[in-house]
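Protein chains in written order, with our numbering: chain A, -2 to 294; chain B, 541 to 884; chain C, 17 to 432.
Think of the hints as simulated: they come from the structure by calculation, not from any bench.
Mixed in with the good hints there might be a few duds.
Straight-line C-alpha distance at most 20 Å; calculated SDA-like pairs for lysine to any residue [unchecked claim]: (1) Lys130/A with Thr194/C; (2) Lys32/A with Ser619/B; (3) Lys247/C with Ala4/A; (4) Lys247/C with Gly266/A; (5) Lys247/C with Lys32/A.
Label pairs and their computed distance ranges (CB to CB) [what the hints assert, rightly or not]: (6) Ile626/B with Ser282/A: 25 to 35 Å; (7) Leu737/B with Glu183/A: 43 to 53 Å; (8) Asn191/A with Leu737/B: 44 to 54 Å; (9) Val838/B with Pro134/A: 45 to 55 Å; (10) Ala326/C with Leu69/A: 41 to 51 Å.
Reference listing, derived: stretches of chain A covered by chain B, where coverage requires no fewer than 3 residues with Cβ under 8 Å from a Cβ of chain B [claimed, not checked]: (11) 98 to 111; (12) 236 to 242; (13) 269 to 281.
Just so it is clear, CB atoms sit at the ideal spot from N, CA and C, and this is done for glycine as well.
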Amino acid sequence: MTPGLLAQLFLNALSLGSVYVLMVLGLDIIIRGTKILNFAHGQFYMLGAYMLFLLFQIMHLDFALSLVLAGLILGLVGAICYMSIFHVVRQRFTVTTTFSYRLLLSAMASVGLMMILQQGTLLLFGTEERGVKTPFPQMIDILDVRISLMRVIVILAAIVICLLLYFLMYKTTLGKILRAISYDPEAVTLAGINTRWILVFCFALGSALAGFAGGIIAPLFSVTPDMGTDVIFLSLLVLLVGGIGSYKGTILGGLLVGLALSFGFQFLGGIAELFVFLLVIAILSFRPGGLLGEAAD
Amino acid sequence: MKPPTSWKPIHKKLAAAVILIIVFAALPIFIENDYIKHLLIMACVGTILGMSFSMLFSTGLISLGAGAFYAVGAYISASLAMNAGISFWLTFPLTIIISSILALGVGAIFVRNGGIAFVIITLLFASAVVIAAGQIEFLGGWGGIIGIPRPTALGPIQFDSKMSYYYLILIILLLVVLAYYALYTSHIGRAWKAIKLSPNLAGTLGINQYSYRLLAFTIASTTAAAAGSFYAHYFQTVTPGAFSGWLSIYIQLYAVLGGLEFYVMGPAVGSLLMTFIPEYLRIIKEFEPIVTGVLLLVVILFFQGGILGTIVNATKSNGKNNGQGIHSIRSWLKKGKNTGVRES
Amino acid sequence: MKRAALILTLVASILGTSFLVACSPAATTPPTAAAEVKTLNVGCTLPFDNSLGMDTKKALEMIVPAFNAAGGLTVQGQKYNINMIIYDDKYTADGGRAAVERLVNEDKVKFIICQVGSAPIVAGLAVTEPAKVMVLCGGASSKIIDPANKYTFGTATWRTNLAPLFPLLKTAFPNAKTMVNLSPDDETGKALASDNAKIATALGFTVLDNVFYPRDTQDFAPFATKIAAEKPDIMDFPGAVAGTQFGLQFKALYEAGFTGAQVSPMPPSMTEVLAVTPPESMEGLISILPSTEIPQPTALATQYKQDWTAKYGQWSTVSLTWIPAFYAFVNAVQKADSVDPEVVSAYLSANGLSWQSPNGSAMLVKRPDFKNDRFCDTCASLDFGIFKKGAYQYLGTISADDALKANQSAFGGVWQ
């Protein structure tokens, strides 16, 4: 294997992984804050791609502006969904409601939401598969290592988002509240903070990240109604490898799965995905709770 | 929270069960249409799968991997029948034995992860099984196995009609119900319930959470595999695509819709609804998933305790509104009246 | 109260719009038939969530009423109008099985035609064969032409279009020696990749690698990297699905620096492919062309395209792919002069059939290589083109007879 190929494989891994990192950061924020295993997250990602298709391809807005708008719109959609569905589900719970019951009901509500969003998009946009013309068609070619500028931008965007989230989580009061809520919501309420809006914010932020992820990959891949269902399984896998509730774990997990897939497809062929699954199961049998997470109940 | 098993005296419950059995046993006599019989058969399979989900849920674990062992069972049965040439009457018990050993091994790893991690790892396992089945040439690859023989004749009973398959699955269902009922009412069932309510408290009482959960996982997975074995010999075709991750998600919809506190009737009601409602929605076929999604949300939001929970609470109507009980739209609109609801 | 209003509006609006839209398209009732005309129910299952299925559904909803209006079927002096019953098979085995159960047991159809996906078709066979329902279907799976089946016929050209295509490569690229196959990791992809390797080796090509990608892959960069490193002369895409995924493969290979020749047995759906990839990436692609896109299309093809654009607006080449089964069915019933599926199947199995469709001419063939000596598979005329400078150039047409000969010499045996 030449060094050029090795570098190319690492670059592919980075590009694969950054998409999952963007997806999973949102998923993780939602799980940590609101304790909802949101199966509709993939549909938010899909809607983000469709938003970019509308704003950038049809309405010819600026690419960066379309991206930000896609994120904001999806944040709004997320907030509405949370307030009209998940918050109501939550209100049904009492002190005696067990953890598993809460988890199951909100997950099932998200499955209902998923069906509605999925089929709604299909009816609205039709079955025709769409694409977004890439705004950066240039190729970067250094010593036989080739990557399109668009992919570099996706990787950079993932890094920027990671840094921004780090800043939000660890350098601001809001971040402190968000982190506190994931440990003990009651204590936060007792401290006189209205957790209700914080949770809405959590869900909206997570959805906005999914929308952003869908938007930024739209020029790389195709825009289809079922793109969300395809991506959610691997996203959940990344979440699990890194450890639920661990910010660094998510990034590590994304990179690890990217690497495993990139090298797997090169050397193992079709069974690469199976190999990744087995790898994850092996990791979890030694470290329940993921690489950097805690074994939580 | 009042244990729901005590809502009627035992003899009334027995009478209800006998009537139900007679009704379901007599059903195909009045139904000419083979298609409806097919739906009933699939509803029975769904009920078994839903019950296996409920069993794990009774220990506080949410498994999205029922589809995985459903597939494992179907594949074991199919490859035994095709390669060793043995009939359903042997493959069925063999499937149960092999899959219970497999479930024990897999469960030993999985059960160590609780909460959300368990949900995801079982879902991933379901996907992994599908991919593995597609990759292994011996199992027919993505094309699957076709031409699986029907169960051989038992004396005068030939398995060539929907009717015979319906009675076969009804008997399997009955056996599963009896076995589950025995488990739930034994000390094992009580230990499960204790773990579900409070894992830590149960631990202090000397209940080994890990081994009880592993037991539940093994039994639930084996049941799903048994349903898979029937599926293989009924469909006579097994393909990996039939067991995608979404199947596992549908399975728990059965349990949630019917009512999580009703371990047998809940999945049965949910499964019947989820089988027949989409059929009648075919008139507006493009909207079927939307209507199903809205129905699901409505049940979760307004009929807590599922459909059965709502009915039971409504008939009881002694004014007490416990946490899992009915929350009609009206009481929801009068927000704030139900005490004990946490704001956040 | 605010929240209450919000959710109630949400639910009400979703339900409201569902029913509104469901009811709004004028329910297309079949034209009231004259007293002596009978109705023949014919079934079909299609995936309603992708354009493959939806465009085929639209095509059937167009050609069947037109066929009825033009006089319908005449069998033993009795006139029949065809009534198509189309259900969603979700492109899965379970969905297909449920839909076929319903067609056979509830609607009592005797014929099922124009199915698309291998998984729903194969799952349905366990119902249709014992019930003696005749099936004329698409789908690439070789299980369709299994000798055990008696009432099932494959009308898609998946299994027979590689052999005629490859000699063409030889003339177009005389210096090419090596080849890599990129196909989906499913039954279709696996079967076609091995067929492909067999034919390519027989013609003197060296197959360097068979690369398989998971069915729903979007990111083809890892595969393109691997293929570019192997530096094949020819890149082949057996079993590729016509839509954007095909385009993403061209794009990834182009970005990885692959510059060799490309060949595909299936025509890409150009609007979808070009939505995701620049036309440069398709340079030098040799593929089968939709028979409406050649310089002198047949009258049937021209008429079909005209009717489609008049009815639906935007033209879809995908809609052509799966409808030959309908024309085969109509011809078969009239040739056998019976609407009894057993009689028609027996007639076809023994005598074969030739028919014309907008997709060109086609005929049933035997498959001795699958130990099936009844007429069960299809050879059809194929139009070829090469993609140059942003557009397809027509290369030529191979007749159904020549396709048959090419297959016979590649796979052996007597096919007729």
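Hint check:
1. Straight-line distance between C-alpha atoms of Lys130/A and Thr194/C comes to about 33 Å, which puts the hinted pair past the 20 Å bound.
2. Our distance criterion of 20 Å between C-alpha atoms is broken by Lys32/A and Ser619/B, whose separation comes to about 42 Å.
3. For the hint pairing Lys247/C with Ala4/A, the CA-to-CA distance comes to about 18 Å; that is within 20 Å, so the pair holds.
4. A distance of roughly 17 Å separates the Cα atoms of Lys247/C and Gly266/A; the hinted pair therefore holds under the 20 Å criterion.
5. About 50 Å separates the Cα atoms of Lys247/C and Lys32/A, which puts this hinted pair outside 20 Å; it is violated.
6. The beta-carbon spacing between Ile626/B and Ser282/A, approximately 34 Å, falls within the hinted interval of 25 to 35 Å.
7. Range check, Leu737/B to Glu183/A: Cβ separation about 19 Å, and the 43 to 53 Å hint is violated.
8. Between Asn191/A and Leu737/B, the C-beta spacing of about 30 Å breaks the proposed range 44 to 54 Å.
9. Taken as a hint, the range 45 to 55 Å holds for the pair Val838/B and Pro134/A, whose Cβ atoms sit roughly 48 Å apart.
10. Between Ala326/C and Leu69/A the beta carbon distance is about 42 Å. The supplied range of 41 to 51 Å therefore holds.
11. Beta-carbon proximity to chain B at under 8 Å applies to 11 residues in the region 98 to 111 of chain A; the threshold of 3 is reached and the given coverage holds.
12. Check result for the region 236 to 242 of chain A against chain B: holds, 3 residues qualifying (beta carbon to beta carbon below 8 Å, three or more required).
13. A count of 7 residues in the region 269 to 281 of chain A with a Cβ less than 8 Å from any Cβ of chain B is obtained; the coverage claim is therefore met, three being the minimum.
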